[in-house]
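Chains as they are written, first to last, in our numbering: chain A, 1 to 296; chain B, 1 to 290; chain C, 1 to 305.
Rather than coming from a laboratory, the hints here were simulated on the basis of the structure. In this text, a Cβ means the ideal position worked out from N, Cα and C, and glycines have one as well. You can trust all of the hints, since none of them are fake.
Part of the chain B face toward chain C, derived, beta carbon under 10 Å:
#1 I96
#2 V151
#3 V153
#4 G158
#5 S159
#6 G160
#7 T174
#8 E180
#9 P195
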Amino acid sequence: MNAKTVDKIATAVLYAIAGIVILILAALLGYILIQGVPHLSWHFLTAPASAFTAGGGIGIQLFNSLYLLLITMLLSFPIALGAGIYLNEYANPKSKITGIVRMTIEILSSLPSVVVGLFGFLLFVVQFKLGFSILSGAIALTFFNLPLLTRSIEDALATVPNLQREAGAALGLSRWETVGHIILPAALPSIVTGVVLSAGRVFGEAAALIYTAGQSAPALNFGDWNPFNVSSPLNIMRPAETLAVHIWKINSEGIMPDAAAVSAGASAVLIIVVLLFNFLARYLSSYLYKRLTSTK
Amino acid sequence: MKRSWIVGTALVAVAAGLLSWGYATREQNSGVNINAVGSTALQPLVEAAGEDYANNHKGVFVNVQGGGTGTGLAQVQTGAVDLGNSDMFAEEKSGIDAKKLVDHKVAVVGIAPMINKQAGVDKLTKAQLTGIFTGKIKNWQEVGGKNLPIVIVNRVEGSGTRATFEKWELDGATSVDAQEQDSSGMARSVVSSTPGAVSYAAFAYLDKTITVPTLDGVTADKKNVQDGSWPIWSYEHIYTKGQPKPDVQAFLDSIMTKHIQSTLVPQLGYISIHDMKIQRDMNGHITPAK
Amino acid sequence: MDEIRESLLKKSKASRKDQFGRVISFSALALIIVVVISIFYFVASKGLATFFTDHVNLWSFLTGSEWSPSQVDAHGKPMVGAAPMIVGSFLVTLLAALIATPFAIGTAVFMTEISPKRGAKILGPVTELLVGIPSVVYGFIGLSVIVPFMRAVFGGSGFGILSGAMVLFVMILPTVTSMTVDTLRAVPRHYRESALALGATRWQMIYKVILRGATPGILTASVFGMARAFGEALAVQMVIGNAALMPHNLTSPASTLTSVLTQGIGNTVMGSIENNALWSLALILLLMSLVFNLAIRAIAKKGAM
Numbered sequence: 001m002n003a004k005t006v007d008k009i010a011t012a013v014l015y016a017i018a019g020i021v022i023l024i025l026a027a028l029l030g031y032i033l034i035q036g037v038p039h040l041s042w043h044f045l046t047a048p049a050s051a052f053t054a055g056g057g058i059g060i061q062l063f064n065s066l067y068l069l070l071i072t073m074l075l076s077f078p079i080a081l082g083a084g085i086y087l088n089e090y091a092n093p094k095s096k097i098t099g100i101v102r103m104t105i106e107i108l109s110s111l112p113s114v115v116v117g118l119f120g121f122l123l124f125v126v127q128f129k130l131g132f133s134i135l136s137g138a139i140a141l142t143f144f145n146l147p148l149l150t151r152s153i154e155d156a157l158a159t160v161p162n163l164q165r166e167a168g169a170a171l172g173l174s175r176w177e178t179v180g181h182i183i184l185p186a187a188l189p190s191i192v193t194g195v196v197l198s199a200g201r202v203f204g205e206a207a208a209l210i211y212t213a214g215q216s217a218p219a220l221n222f223g224d225w226n227p228f229n230v231s232s233p234l235n236i237m238r239p240a241e242t243l244a245v246h247i248w249k250i251n252s253e254g255i256m257p258d259a260a261a262v263s264a265g266a267s268a269v270l271i272i273v274v275l276l277f278n279f280l281a282r283y284l285s286s287y288l289y290k291r292l293t294s295t296k
Numbered sequence: 001m002k003r004s005w006i007v008g009t010a011l012v013a014v015a016a017g018l019l020s021w022g023y024a025t026r027e028q029n030s031g032v033n034i035n036a037v038g039s040t041a042l043q044p045l046v047e048a049a050g051e052d053y054a055n056n057h058k059g060v061f062v063n064v065q066g067g068g069t070g071t072g073l074a075q076v077q078t079g080a081v082d083l084g085n086s087d088m089f090a091e092e093k094s095g096i097d098a099k100k101l102v103d104h105k106v107a108v109v110g111i112a113p114m115i116n117k118q119a120g121v122d123k124l125t126k127a128q129l130t131g132i133f134t135g136k137i138k139n140w141q142e143v144g145g146k147n148l149p150i151v152i153v154n155r156v157e158g159s160g161t162r163a164t165f166e167k168w169e170l171d172g173a174t175s176v177d178a179q180e181q182d183s184s185g186m187a188r189s190v191v192s193s194t195p196g197a198v199s200y201a202a203f204a205y206l207d208k209t210i211t212v213p214t215l216d217g218v219t220a221d222k223k224n225v226q227d228g229s230w231p232i233w234s235y236e237h238i239y240t241k242g243q244p245k246p247d248v249q250a251f252l253d254s255i256m257t258k259h260i261q262s263t264l265v266p267q268l269g270y271i272s273i274h275d276m277k278i279q280r281d282m283n284g285h286i287t288p289a290k
Numbered sequence: 001m002d003e004i005r006e007s008l009l010k011k012s013k014a015s016r017k018d019q020f021g022r023v024i025s026f027s028a029l030a031l032i033i034v035v036v037i038s039i040f041y042f043v044a045s046k047g048l049a050t051f052f053t054d055h056v057n058l059w060s061f062l063t064g065s066e067w068s069p070s071q072v073d074a075h076g077k078p079m080v081g082a083a084p085m086i087v088g089s090f091l092v093t094l095l096a097a098l099i100a101t102p103f104a105i106g107t108a109v110f111m112t113e114i115s116p117k118r119g120a121k122i123l124g125p126v127t128e129l130l131v132g133i134p135s136v137v138y139g140f141i142g143l144s145v146i147v148p149f150m151r152a153v154f155g156g157s158g159f160g161i162l163s164g165a166m167v168l169f170v171m172i173l174p175t176v177t178s179m180t181v182d183t184l185r186a187v188p189r190h191y192r193e194s195a196l197a198l199g200a201t202r203w204q205m206i207y208k209v210i211l212r213g214a215t216p217g218i219l220t221a222s223v224f225g226m227a228r229a230f231g232e233a234l235a236v237q238m239v240i241g242n243a244a245l246m247p248h249n250l251t252s253p254a255s256t257l258t259s260v261l262t263q264g265i266g267n268t269v270m271g272s273i274e275n276n277a278l279w280s281l282a283l284i285l286l287l288m289s290l291v292f293n294l295a296i297r298a299i300a301k302k303g304a305m
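Can you make the complete structure from the sequences, with help from the hints?
Quick look at the structure:
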């Protein structure tokens with residue numbers, strides 16, 4: 001067999017593999033959307049959930065998910081950015097310590113989320129008396145999110161060619177300035193992609209939240225935006241069941257007659273929200289890239 | 001560079017200002033927070049009763065979380081929460097010092113076996129059911145059904161439903177190692193979709209997708225639990241550490257009122273504690289209800 | 001003269017800024033390390049209690065096949081044999097990674113080398129999207145599609161290691177694929193150009209140059225996939241059947257470390273033997289991911305040379 005034939009066969013195989021993967025993924029998405037979209041309505045998206053009668057919605061859970069995601073990102077992004085910058089720009093890549101640090105981060109990422117959740121429960125909910133709250137949940141999710149985010153930021157920084165760093169150094173910039181003005185803007189599109197990917201995971205995480213943000217969604221007063229009031233949506237000390245936790249709960253213990261429909265609808269909403277994130281991030285990253293590097 | 005610093009500082013200042021303004025104008029409620037943790041089976045009842053109670057008592061908030069019976073008992077024992085929801089007597093749970101806890105029985109839950117429809121069995125004797133779960137009977141043919149191997153679906157060890165089932169149906173015997181599901185909803189959907197499967201669940205979860213057999217000719221319904229002819233049932237407990245504080249006692253009393261016991265309790269699939277004609281202690285001694 | 005001397009001895013503005021950046025970014029990293037250490041300490045202190053407080057023999061814990069922590073055996077020791085779960089976890093993870101890695105490499109090569117346009121337009125967004133699907137949803141699709149399928153093909157109840165591996169395969173595929181794509185993209189362009197200039201066909205270029213250059217990255221991607229599979233709880237729990245029995249074939253109910261851990265933790269009381277035994281399982285999970293990481297590090301080092 002000559003090289004050309006092998007090339008053709010290999011190309012065909014690769015086409016087939018890509019085709020199968022597309023098929024699996026499309027079937028998966030299609031299944032969720034076809035099952036869920038018919039249940040969606042304005043009422044479903046905004047009404048509070050009901051425990052045992054039909055016709056409950058997911059309004060509060062949806063808001064909780066988004067708010068918790070925001071708080072988590074506020075906590076984890078600066079830390080992950082700092083750690084990523086240190087690992088890629090400052091740390092000596094050959095030193096043993098850097099290797100050990102990288103490994104601890106990888107271990108943290110492979111920790112089952114339920115362990116992170118229980119750790120958060122014992123430490124923050126019980127020990128620090130934060131109670132079942134958005135804050136406890138956000139801290140647990142930050143632990144869960146940090147390794148992935150750090151890793152993706154580090155990778156994003158690593159893809160920026162060293163020429164850029166040398167150019168910065170030649171101009172007499174400190175390493176910190178080089179990072180801030182040259183490396184970060186160049187790496188921003190991939191950083192944004194990394195953030196979105198991890199946001200997706202955070203958004204769908206349930207196991208780490210069951211014992212930290214709690215499984216109940218007290219009624220909220222959407223006219224009250226003072227973060228210190230008990231029923232305010234912005235209060236970070238209130239228990240907050242998220243969408244993913246809600247899906248888990250109604251699938252396992254739900255006794256409302258339309259449990260299957262609610263869970264299908266909620267799953268579809270989850271997917272659609274993640275879809276929106278993706279579009280937004282794509283738009284944002286290309287826009288930022290153009291602005292910050294003034295390339296066309 | 002300079003300008004971005006100014007903008008940044010201004011933003012932080014505005015945010016801090018808004019926050020402190022919010023803090024200064026927050027609602028000054030000297031509110032009472034009642035925290036309950038525990039059994040996921042009992043969670044919806046306490047939650048709904050808590051909402052009802054909060055509506056009638058301004059400034060009282062009832063926070064209810066799941067987490068499981070073990071978590072509930074452990075947390076109430078350490079005093080981290082006010083109420084610990086449990087599916088079983090605290091004495092039955094190892095690692096709990098039941099003497100420190102006060103039991104409040106709030107409802108009764110009936111538990112029934114459920115069988116996959118293809119097995120073709122709708123009546124069993126207690127001995128047959130025990131035989132099935134202890135692994136002596138392996139095919140539905142042996143109990144008058146179709147030629148189909150029996151697939152046992154257990155609940156997780158330590159779950160209240162399983163403890164009740166093993167105690168009152170299997171007379172304390174342990175069921176054979178088999179697959180386990182950690183929630184009633186899951187167990188039901190597994191039984192309805194797996195040919196020859198058998199499991200058990202609280203009355204609230206039983207529906208048309210599965211067969212509920214009669215046991216020694218007794219149907220699994222509320223009436224038979226109330227007069228004691230259906231043996232597999234248990235109390236739902238709310239534990240407090242020592243005698244409850246007045247606020248907590250008031251909430252517990254509200255759960256026991258006729259209003260809650262005759263509306264919410266049956267709606268959630270429980271049996272009202274007031275409708276029980278008998279009462280049963282931990283060791284199975286049955287006496288007429290007071 | 002003094003001015004020059006002073007400016008030479010004093011740290012320059014740039015150097016001070018550099019110092020500032022170093023401190024800021026290092027403290028972020030230090031925070032992560034503190035978190036990891038405290039979780040480690042926490043899991044270890046809980047998990048080791050089984051052996052020190054409850055005096056379970058480590059060897060019998062790892063090799064015993066009877067898991068029933070609330071009961072005691074003939075010697076009065078609690079029956080905590082974790083072997084069925086350890087075997088189950090390993091089988092599920094390895095199977096899932098074995099199926100997922102070739103698919104991921106194929107898809108990634110397709111996306112970067114063969115049809116970058118279609119890759120960027122269709123596959124890229126879809127894989128990113130799938131990472132965000134919660135594991136609960138995967139579990140339910142597994143329960144309603146894969147389990148009946150397995151039942152129809154292999155008989156039995158349909159629950160088992162194979163179903164778990166299939167669900168995990170779909171779950172980790174997007175992660176492994178997108179990470180592999182990143183590594184393939186990181187292979188410098190001139191490698192491709194030099195290979196083609198030497199007269200290599202496209203496949204020869206892919207196989208002999210790009211995949212070789214990307215091997216460490218691909219291995220990392222597949223370990224990340226394995227790590228996710230290993231730690232995944234809710235989805236596997238729904239389809240594996242959760243029987244704490246030694247798996248004798250791939251289609252009978254089995255269990256994994258995570259499924260037993262998640263199911264039991266809420267039903268046990270902190271500090272009791274049942275609870276400690278579960279934390280020991282968590283400790284095993286932790287140590288196993290350590291071993292995984294070390295092994296891959298060794299392989300990656302070899303690949304880099």
